[in-house]
Amino acid sequence: MRLFRLRGDDARDMSNTNPSPKMPPTRVPASWYWSAPNFAVLIFALAMLVLVWVLQRQESETARAAMARDVQWAEQTMRLHMQGTEEFLGQLARELAAGTLDGDGFQVRANQHIANNPELVNIVWVTGDQRVKWTAPFDTTDWLVGDGLSQVQVAVLARSRELGRPVYGEAYVNGRNMAVLEVYLPVQQGRQPLGAIVAVYSIERMVAHLVPSWFGEKYRLSFTNGKGELLAANSTLRALDESLEFSVPLDPPGNGLALEATAYHVDSELPKGFPIAVIVGLSFFVLWSLWALRAHMLRRVRVEKERDRLFNLSLDMLAVMAHDGLFRRCNPAFERILGYSPEAMPGSSLLDYIHPDDVADSVVRLRSLAAGTPEAFENRCRCADGSYRWLAWSINSVPEEKLMYAVAHDITGRKAAEEALHHEYAFRQSMEESLITGLRAIDLTGRITYVNPAFCRMTGWSREDLVGSAPPFPYWPPDEIEALQHNLELTLSGNAPSTGFEMRVQRKNGESMDARFYLSPLIDGDGRQTGWMASITDITEPKRVRAQLEAAHERFVAILDGLDAAVYVADAANDEILFANRAFKSIYGFDAVGQRVGIYGLPTPPDTNWYDVDPRRLSPQQVPRELYDGELQNGLSGRWYHIRERATRWVDGRVVRMAIATDITDKKRVEEENRAQQERLQRTSRLITMGEMASTLAHELNQPLAAIANYSMGCVNRLQSGEYRQEDILTAMQKASAQAERAGRIIRRVREFVKKSEPRRQLVALSGIVEDAIGFVEIDARRHVAQVVSQIPADLPPVFADSVMIEQVVLNLVKNGIEAMRETPAEERVLTVSARIAEHNLVEVSVADRGHGLSDEAREKLFSPFYTTKAEGMGMGLNICRSIVEFHNGRLWVDANPAGGCIFRFTLPLETPLESARIDA
Amino acid sequence: MKAPESTPEQIIYLVDDDEALRDSLVWLLESQGFKVAAFASAEDFLRRWRPEFNGCLLLDVRMPGMSGLELHERLRAQYCTLPVIFITGHGDVPMAVAALKKGAVDFIEKPFNDNDLLHLVSQCLAKERESRDRRRQDAEVSRRLDQLTQREREVLDLIILGKLNKQIADVLGISIKTVEVHRARVMEKMGAQSLAELVQNVMAIEGVAGRS
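Line order of the protein sequences matches chains V and U. For the record, in the first sequence the residue sitting at position 98 is 97 according to numbering that gives the first Met the number 0, with numbers rising by one throughout. For the record, in the second sequence the residue sitting at position 119 is 118 according to numbering that gives the first Met the number 0, with numbers rising by one throughout.
Be aware that one or more of the hints could be misleading.
Claimed, not checked - Using C-beta positions, here's what the derived DEER-type ranges look like:
(1) U:Lys126 x V:Arg638: 49 to 55 angstroms
(2) U:Ala195 x V:Ser854: 55 to 61 angstroms
(3) U:Lys126 x V:Gly743: 37 to 43 angstroms
(4) U:Lys100 x V:Val650: 57 to 63 angstroms
(5) V:Gln733 x U:Lys100: 39 to 45 angstroms
(6) V:Glu553 x U:Lys100: 43 to 49 angstroms
Unchecked claim - Chain U stretches covered by chain V per the calculated footprint, using a threshold of three residues with CB under 8 angstroms from any CB of chain V:
(7) 18-24
(8) 29-38
(9) 105-111
What the hints assert, rightly or not - Straight-line alpha carbon distances no greater than 30 angstroms define the calculated DSS-like cross-link-like pairs of lysine-lysine that follow:
(10) V:Lys860 x U:Lys100
(11) U:Lys162 x U:Lys176
(12) U:Lys126 x U:Lys34
(13) U:Lys101 x U:Lys34
(14) U:Lys34 x V:Lys734
(15) U:Lys162 x U:Lys188
None of these hints come from the bench; they were simulated from the model. From the three backbone atoms N, C-alpha and C, an ideal C-beta is built for every residue, glycine too.
Start from the sequences and build out the full structure, keeping to the hints where you can.
Pasting the structure below:
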């Protein structure tokens, strides 16, 4: 889970950071390489323009040069013509001057010349008085013979006379709207001015005739005067190329006359601006196409960028693969999902990453892909960290390119979910199968929609029987349908008790069982309630078990409460009483549970006087173990308890001390008494035996004696009455005799017994016997705060006696004495045991007390059997004592103590061989 | 010696475990004319005891098995009215005293003087006979009382209270004549010769109870 989240974070980080560094590099070159073509196109266009301009310039220069040549050639031609005319005129002038020329001659010559030179209009001879004398052609009207010359003409004439050479007048337009040029050649006879020959050129004719015809086709020739006015031109109709014109001054005639040639516009050739237009147009076209291309490229780039982004930002793994499964290109999702850098992937094969279990299937898929069939499949791929992730591959193949385009979607989560779902389903399935709780669902109308196998087992009805059935359901006992219907209505109205219903279920085979129904609303995926789900538990067994448990618990409590012993259970750690039985509560109070043990003065850890181990430190593994076993007196009631304490494990697992306190006060008292009795009995065992023997002997002897008496008296009575039969009397007497024998047998038996239990008499020191006896009563003496003083003379000779029996006698007398002093003031409670040698080889032993003394009557009965002054006495003690003493040939008697109380005295013989001899007999 | 006081139906029942003593006692008692039935154990006697047993019981205190005291208790529990004399040995005196307190007639200590025993037994039998006669008489009176009719019984009750015939007639609301008839019938049925005898007989069984 943790790993997964980390992975997810990484993926997010990458998706955030990845695109930004990738974007700028694609943007940088775009601006300059897109302006370069534009710039180049502009430069190229400019260069082309320059080139065209240069070419045109060159062409124009060439044309101009050719024109200049042509024009100069034309001017030269014209001057040659004009020089020819001037020569002709000079000839005429000389003839004239020579006078060889008459008018006719003139006429002929002049007309001839004019005919040859069509540019000439008139040849006139002007006399010195500036009068026209001759005119050729004669019919000309411009020059009329006899007319005078105009001022301008006179001036020209004058200047030619002055210069003596031909002078050209200024061109002008004559009356016939003809531009004419006049040349004046002076005629001199010697030094005598005779006038001048004037040739009139028609400028128009000059243009038309003085240049060849091709020239006229090529150029428009025109003459302009000094003022720039057009004088004549060879054509005015055709379009002119104004840019190409050449003007040459015509000198002579001078005067500002200029020959100007203008090239005609050539229609058949391309217009001069055409190349430029073409270039500009093409440039624009190129620019436009570039722009269009750029737009297209931009679109392409955008599309590509989008595709790249799609490729790079795709959450699914995208890859281009060769047909053999080798990666060609992978998107960053590979790193995000599998952890491999997309740059490192190309060259490795898809099969390298596939889980061994999935390889076979994947190979089949790849083979199918190689054949061109698209495939979609799922497999597990190994991540960089070694784990495997489920991927859903969708691969399309392009056989022509031998490439496959793959999309892989990480379905690990889905797989996990599917797996979990599968597991969950299987789990639920098995749960449903193994569930022992019955489940039943009903819809909102009460119809059964679902039952689980446990429910079917419980009811004995099959699923088919139950599902779809409406109430009353088949498992309802017929006699409870009404109540169950009511329950169902409660359920459907949502008022079913949270503790469920307890009901009887009738099984299919007629058996019935107790079941408990718990109901909860059935909610579907949309949160709508679709019905009610009931879980049914078979409580037949639990009910029985509960009843048994309750009974067992009651028995347990009854037993514990019935015990006389107080039982309690206390937490070992905090001393809290967890359980106490009735006996305990009746002793310590009925609120004992929950209290601390300590408040009752009962043993409480860590009292090392009580516990060898500290119960608080015991772990549950160390129990059960014995903690304490002993007796304890309750400080309040003074009663004794035997307490047995164990450390054990309580029902909830903690360590507890369980103590059983048995009231042993009575037992203890009885024991105490028994012990005292036992002590007494043991000490006097032989005496008791003798006493018993005596008692038995008396009873035993009574029988035969009584029988003898009866027989005898019966005989006597009969004999007195005289009504008897002799044989009866005989029989009776024989019977009496037999009883006498029986008595004798009893006596014999007693003697045998006495022989067997004969005292072992020997010489013993009386002082030792007395000291032993006093030692026995020390406890009694201390209890009665009485002092026992022994005053046995050290030089007393030994006595011949059974030390045990005599000790008993002394003991008996001492005890009696101590008890007799019960009422005596404590300081006077002194008992003295003394001995002295009396006459007749006797030792007299005295036991003197300071008690209440004895009345005469008491003294009389003192030694009779069964007489006692003591509540617990048997009345045998003194009797036996006397028997013992008498057995030793002594005497036991009592005297009053002069100091108050009594003195018991007995005598014992010193050693006498006679005594021993008598006993033997 | 003769045995004039021993009536044929009176028997001395003797329980003692000691055969010699038992046999000798039978011998002795029979010598005085008593009828004796001897039993070897308390259990044996208890088994054979019938309420009709008449006479007295001589019982040894100390016996193996059920003791004499115990048998006494058992018999008392069964409403046995036989008077009991305990025979005790030496040292059984406190026991015998306890038995006396529980209703035994007397005890005698072994070995005993035969005259003492015989005297005791005779006394005991006489006392028994007397009480038996009284019981029988009481039973007769009570039987006769049962034969009276309701009215006669009412009349009798008033007679015992010392009422005159007239007073009786007033109380019961009947005529004096009728009272007289009833009275005669009562006398006849009760078998009384005189008024004094009638009253005495009835008082003997009912007077102590103080019947109103």
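Which numbered hints fail: Going through the list in order, the structure violates no hint and respects every one.
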